[in-house]
Amino acid sequence: MKQLGKSGKAAAQLLLLTALTVTAAACSGGDAPGASKPERTPGMTESAGSGNSGADTGSADAGNTDDGEDAGQRLLPGEKFDPAITMTTARWVSGSFAFRDGEDIANNVHTDWMREEMGINLDTLWSVQEGDNYITKLRLALSAGEPLPDVLVVGDMQLASELIDSGLVQPIGDVFDAHASDIVKAAYNRDPSIWYPVYKDGDYYGLPIIAAGDHNDNVLYIRNDWLDAVGLDAPSTIAEMETVMEAFKTQDPDGNGKDDTYGFSFSLGSNVGRGDANMIYGAFGAIPGIWMKQDDGSLVYGSTLPEIKPALAKLKEWKEKGYLHPESGIYDRQKTYELFNSGRAGMIAGEVWLPVYPLPNLAQNVPGAEYDVIPAPTGPDGSAARWGKPFNAGVVLVNKDFEHPEALILYLNNLFEYWNADNPKYENGYFQGYDYDIIDGKVVNGSDIPGGQISVHHYFLYNSQRPIAPYQYQDTLTALYEGKAPETAFERYSYSLGEMYLKAGAVAKSQRDINVYDYGIGLTDTMKTRWDRLQQMESETFVKIIYGELPLDEFDRFVEKWKAEGGDKITQEMNDWYDEVNS
Amino acid sequence: MTYRSTAYRIFTYCNNTFIVLLALLCLLPLIHVLAVSFSGRAAADANLVTFWPIDFTLEGYRMTLGNGSFVGSILISIQRVVLGTGVSMALILLSAYALSKESAQFRGRNAWAWFFVFTMLFNGGLVPTYILVRNVGLMDSIWALVLPNAVNVFNMILMLNFFRTSVPKSLEEAAFMDGAGHFRTLLSIYLPISLPSLATISLFTIVFHWNSWFDGLIYLMDKERYPLSTLLQTIVVQLDFSAITSAEDLMALSNRTVKSAQIFIATIPIVLVYPFLQRYFVKGIVVGSVKE
Numbered sequence: 001m002k003q004l005g006k007s008g009k010a011a012a013q014l015l016l017l018t019a020l021t022v023t024a025a026a027c028s029g030g031d032a033p034g035a036s037k038p039e040r041t042p043g044m045t046e047s048a049g050s051g052n053s054g055a056d057t058g059s060a061d062a063g064n065t066d067d068g069e070d071a072g073q074r075l076l077p078g079e080k081f082d083p084a085i086t087m088t089t090a091r092w093v094s095g096s097f098a099f100r101d102g103e104d105i106a107n108n109v110h111t112d113w114m115r116e117e118m119g120i121n122l123d124t125l126w127s128v129q130e131g132d133n134y135i136t137k138l139r140l141a142l143s144a145g146e147p148l149p150d151v152l153v154v155g156d157m158q159l160a161s162e163l164i165d166s167g168l169v170q171p172i173g174d175v176f177d178a179h180a181s182d183i184v185k186a187a188y189n190r191d192p193s194i195w196y197p198v199y200k201d202g203d204y205y206g207l208p209i210i211a212a213g214d215h216n217d218n219v220l221y222i223r224n225d226w227l228d229a230v231g232l233d234a235p236s237t238i239a240e241m242e243t244v245m246e247a248f249k250t251q252d253p254d255g256n257g258k259d260d261t262y263g264f265s266f267s268l269g270s271n272v273g274r275g276d277a278n279m280i281y282g283a284f285g286a287i288p289g290i291w292m293k294q295d296d297g298s299l300v301y302g303s304t305l306p307e308i309k310p311a312l313a314k315l316k317e318w319k320e321k322g323y324l325h326p327e328s329g330i331y332d333r334q335k336t337y338e339l340f341n342s343g344r345a346g347m348i349a350g351e352v353w354l355p356v357y358p359l360p361n362l363a364q365n366v367p368g369a370e371y372d373v374i375p376a377p378t379g380p381d382g383s384a385a386r387w388g389k390p391f392n393a394g395v396v397l398v399n400k401d402f403e404h405p406e407a408l409i410l411y412l413n414n415l416f417e418y419w420n421a422d423n424p425k426y427e428n429g430y431f432q433g434y435d436y437d438i439i440d441g442k443v444v445n446g447s448d449i450p451g452g453q454i455s456v457h458h459y460f461l462y463n464s465q466r467p468i469a470p471y472q473y474q475d476t477l478t479a480l481y482e483g484k485a486p487e488t489a490f491e492r493y494s495y496s497l498g499e500m501y502l503k504a505g506a507v508a509k510s511q512r513d514i515n516v517y518d519y520g521i522g523l524t525d526t527m528k529t530r531w532d533r534l535q536q537m538e539s540e541t542f543v544k545i546i547y548g549e550l551p552l553d554e555f556d557r558f559v560e561k562w563k564a565e566g567g568d569k570i571t572q573e574m575n576d577w578y579d580e581v582n583s
Numbered sequence: 001m002t003y004r005s006t007a008y009r010i011f012t013y014c015n016n017t018f019i020v021l022l023a024l025l026c027l028l029p030l031i032h033v034l035a036v037s038f039s040g041r042a043a044a045d046a047n048l049v050t051f052w053p054i055d056f057t058l059e060g061y062r063m064t065l066g067n068g069s070f071v072g073s074i075l076i077s078i079q080r081v082v083l084g085t086g087v088s089m090a091l092i093l094l095s096a097y098a099l100s101k102e103s104a105q106f107r108g109r110n111a112w113a114w115f116f117v118f119t120m121l122f123n124g125g126l127v128p129t130y131i132l133v134r135n136v137g138l139m140d141s142i143w144a145l146v147l148p149n150a151v152n153v154f155n156m157i158l159m160l161n162f163f164r165t166s167v168p169k170s171l172e173e174a175a176f177m178d179g180a181g182h183f184r185t186l187l188s189i190y191l192p193i194s195l196p197s198l199a200t201i202s203l204f205t206i207v208f209h210w211n212s213w214f215d216g217l218i219y220l221m222d223k224e225r226y227p228l229s230t231l232l233q234t235i236v237v238q239l240d241f242s243a244i245t246s247a248e249d250l251m252a253l254s255n256r257t258v259k260s261a262q263i264f265i266a267t268i269p270i271v272l273v274y275p276f277l278q279r280y281f282v283k284g285i286v287v288g289s290v291k292e
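First to last, the sequence lines map onto chains A and B. Under full-length UniProt numbering, residue 583 is the last one in the first sequence; the count climbs by one each step, no gaps. Under full-length UniProt numbering, residue 292 is the last one in the second sequence; the count climbs by one each step, no gaps.
For reference, chain B alone in the conformation it holds in the complex (with noise of 0.2 Å):
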């Protein structure tokens, strides 16, 4: 037997090492920054703590969950996060789904899907779209954040490519004959094949709106209502210690314990998402559906 052969057991062994030792590359990071977050302020800010915490406390949760601005963020992110995804998910789909026909079946195909692709190749630039969304009456808003990334055509074109190669022809075919319509078709057929890249693509909108933080800074005009990216980059930017000036302010901007609980509450959210759409992941797709 192949498998039982002395190079199949030296490549599994060494297979296995290079992923334990990748994994415990992400991982390390992250449990030092547990270990710091439940670690005393000044082992912590003499980086004396490595995996394990030192003098423990639960001061910098504490501290944290009782910064009403902080607790604030995190359901204005998790709203930024629904609405966002939602209307995503909602435009690349049915624009995915349109573009996917031959041009025999929706005329101008052609055109459409350049004018998608012209917006990836070039944008307004700053300042103008910053004009852009102020003189639409965005500003302020919620929806400053979510729709002006509404449609990422790079996802949508993954959708698209998806809807191409794995959705049977004859699946369509067959529920046209039905009598099914476009909308019918979309919803009762492509989207269960296409579960897989739709938890894809789903993932990585989630991870841009919860990740981005600079249109929250330049849209939104009161700190208060900053989602948790924006109101966590100035903590993981390195201090300009030239602007420091009193041993208060260093005190409170250096606080490694704090600032440690504060990005591994901000990653906890991710972290749940991920095992929920991994099933989606491994799941096999077309099983059974045509026979070919």
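Chain A on its own, in the form it takes in the complex (with noise of 0.2 Å):
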């Protein structure tokens, strides 16, 4: 819990602080009375963390707004714009996505729910796949001169932050404060962190895009008949996995006489550490590749921390004796599951929802092969880390010349009313026969549906993401593994997917305390020209000494080389940004 007792301090700091530069600010300005605005900061009201979003009594913002229109009147699902608006956007869809028949991005379910719902009509002015075109085409679009749609979902960081400094989007927090829901406010309030990345000279320009990070969080998947073959108990310690992995390696677990099976299956390529190695460098102390917050709330570079050094020197130990597979320096994470699911390595770190995909696969691949989700292991001195996956998945920015900025948040209240167990309208799930259908009487999920399932999280105006507050997914997860009978559509749909996908989110819930967070999501301008250099090098240094073509000890001048080269000078600029969001 020592993680959360940490962010639950910021928040109060960011809370108290923010009040204060607000009234210094309402006075100097000459505001109007009654202008005072206790809930500036967006999603730091207090949380009332109720479903009962319908009742507007005891709201703390009614009426206390003072922005000119709709002052007074919170938008909450069920009111609608009358006549209705319309509001531009521009989108991007998934090459994966298959629409209904009849359907595209600019017109679909929706698009008609939106205009019938809320009052307003969604014109995609255009639409491209992928994400990385999205961006590419929109930063061709503003380098020849063309506006800006009302509202944009912006993935890239860096654009968001360009697009923020440019002065074309506005500010939102006032009418998130004046119009969102208390589910709203309960979902953004739940991680202060959030809303750094489009915190600018005391304000929020631009709502924050919730990712489902505890979904994310990695756990360990152990093949049990390997397990069963080799005669040993599933590891807990780095010292026992080395024993696992040594009986994985030379014992022949899957029986077919052949000297061809790995211990691990991962991947040292690019982004070291970052991916599914985080929990064994974790277990020495360090993650590499995050903003770490040290014990006196400064940020540090987590991969020039001394304790990676132990942890290059295992890896590296790990790769001679073959535990690894020798290409794992060039793997990339497709690659390190076709070694689990060809059934020729014993372990794989992943995500919570491997269960649901691609380990099936592997029982397919490999009859009789079973697995079971085990927590990350702990190092030498008894303690284990993992790095605790982002709840950021982007910015909705809202141009500043766009006259309804609070359409956008009843939008959100209604994506979020999902989770209002009061309003029947969204008890089965958001479209019927889409992710849901009712058959005979009876509510179906999955390929049960006519057609086939449709993930209705890709039609948002939420890049992709499922609206979901954080750490909503592991609760839900462990209280339907330890028995509680599902009872929302969240519910019902995550016990359809199976009990290892329960197991594994229980798993995970039991070792949130050693998340460890990355706190530098902003991008400095030294890093603009520095950072592609840096990163380089340190993959560079780190596969090079796991594969033994350098020392050891380049580490260390790694490190005096890294800061030497402008690492020293993004710290700095790191935890100035840092210091001035969190105060």
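Calculated from the structure, these hints are not laboratory results. There is no bait here: all hints are sound.
Calculated pairs, SDA-like style, for lysine to any residue (alpha carbon to alpha carbon, straight line, at most 20 Å):
| no. | chain 1 | residue 1 | chain 2 | residue 2 |
| --- | --- | --- | --- | --- |
| 1 | A | Lys-335 | B | Met-251 |
| 2 | A | Lys-335 | B | Ile-54 |
| 3 | A | Lys-335 | B | Asn-47 |
| 4 | A | Lys-335 | B | Val-237 |
All of these numbers come straight from a predicted model, not from anything done at the bench.
Put the two chains together into one complex, using the hints given.
Right, dumping it as structure tokens:
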């Protein structure tokens, strides 16, 4: 709970300090009386946490806003614009996403829903396939001086911060405070750091998109049948892991008489440590590739900490002993799945959702193969750590000329109404015939839906993320694993994905306190010019040390070089930025 | 006889082996893709398939051909190739014919030649080109894919040189004597003689139009109207795993069976075009027209 305590404290500070700044600004600005807004910081309002957003009573903000239009009226679900307004946007669609017949991204059940439910005509000016292309096209349009659409989902934080700096987008902090429902506020309140990337000069220039970070936390998957074959128990420490890997490597656990098995399937590739190896580094006390918060509150780049050195030494040893595939250095995640799913590796580290896909392929390729999920191993000093996956998945920006920024909040309120247990409208899901259907009076999910299930979150103006509060995934999966009967649409769907998935969620949650989060979400000035080179130097040095091409002591020289070539300056800038957003 | 000698036989043997290996090198990846496209999901995603399908299935083709936007994009690609090749070849022929004349016949020929070559050496760059296409009003139409690339100067110079070196002067003069104008000469004399180079350049142009994807991305406003290669580009680039945050997305994205089926379908038209053009490559050219 260490981590939670910290962020809780940070939240309190943020609330307090922002309130002070705002009061000061209000005084000097000579605003009208009654303009003081204690809830200036978005999401920092009293977390009611109740699902009862339908009731207008007791809302602290109602009637307390002063931003001209629509003051005093919270745009809760059920409200709609009359006459309907038009909101322009630009979209990207995943190449793999298949629409229902006759639909496309501009016209579908979701745009109908927005029009009928909220009185918003969503006008898609252009659409592309895949997020990278979206960024390319957006940059080109901006270079050519084309106006921004009214609302714009931007997943690339560098582009988002450039747009915010350009002055083309409007702050939405006040609008959020005035109109967000209690459910939305509770979700946006769970982790204040999700607001950091959009903070600039005392206001919030965009709506952060919440990522299901807790759904991406890593756990360890291990071949149960191999453990039985070599007569060992599941490992809980790095030392035990070595024993198991040695047995997996040498004792022919798959019984085919060939020396073709590996202990662990993972990639040492381009983003060393940020991928599947993070819990191995973590066992030694540092996560590479992220900005870790130290005990004194300052940020430090994990890859430069002395704890990395013994971890590198260990990985090098594993590589030499053949526990890892010789090509691990150039593996990507797809390759690690291949190795595990073709039955040639005994362990793989990965997200909570791997049991849903791709791990079911294992049993199809290797009859009789079984796996189990276990917690991250502890290191020599008995502690474990893993990279706590980010809760940020980009932002929704609002054009400074758009007259109805509150429409975006109304939309957000409706998206999160899914979680309102008191509203029967979404008790089965969002759209009948898409993410659920009712056949003969029975609610069905998945492939039982005629035409197959559609992942409706790809429709949303939410960067293809499921609108969900931080930690909600792990909490739900754990409750279901512990025997709670599935009641809500989300619970029923999660439950249908199988017990191993629920268990993975429970195992991940049991280790939530070992999560180490990345606090360096921003992009500093020096980073813009130096970061790519530093990253390249880092991954080259790490991989070469693990492959034995460089001596272990090269790590110390790497740290010195990293600091001299801009690392120190970036660290300073990062800390300044963090102090600013945190104050 | 020399071709019965040992050395000759060894050479032929080595030569044939080499060519067969080269052909296999080109063919095997295609066969692998074909095998994967007919394989079951689990085996394909675990990379267990080599050259023969495992768990044979037509699922990949069923899903690909059942996908309306995929089929639509094939039609758009064909439209683009036909329009683009037609326009390109017409412009290239006309300009190459004019520029193949001597300065004495075509005054200012050198200035015009440099005018073309200049565009080979310099171009406006991405953003100005984009602004130009937008301001001309081509955005979101098939012509934005056809017109900006209509004159490929490199191909034009190839054509020009062919005209200069391979069309006998005497044939042209004979045509003029018989009262043919420039258009008549071009159509009745130059064209039939130039079939091999026409076939070559057409093939270049067809392949170019079939494969280019970036202009489709930036000039078209709706992904439903993408040509095939723009649609496929996102399939063949490497997956960005940091963007994948759920099993459903990974499941949809990493479907090798479907991807392979799509890639294979996309290569078929080009593979089909080759045999039809090939006969022009081997055919003799100016056989018997002029006696020197």
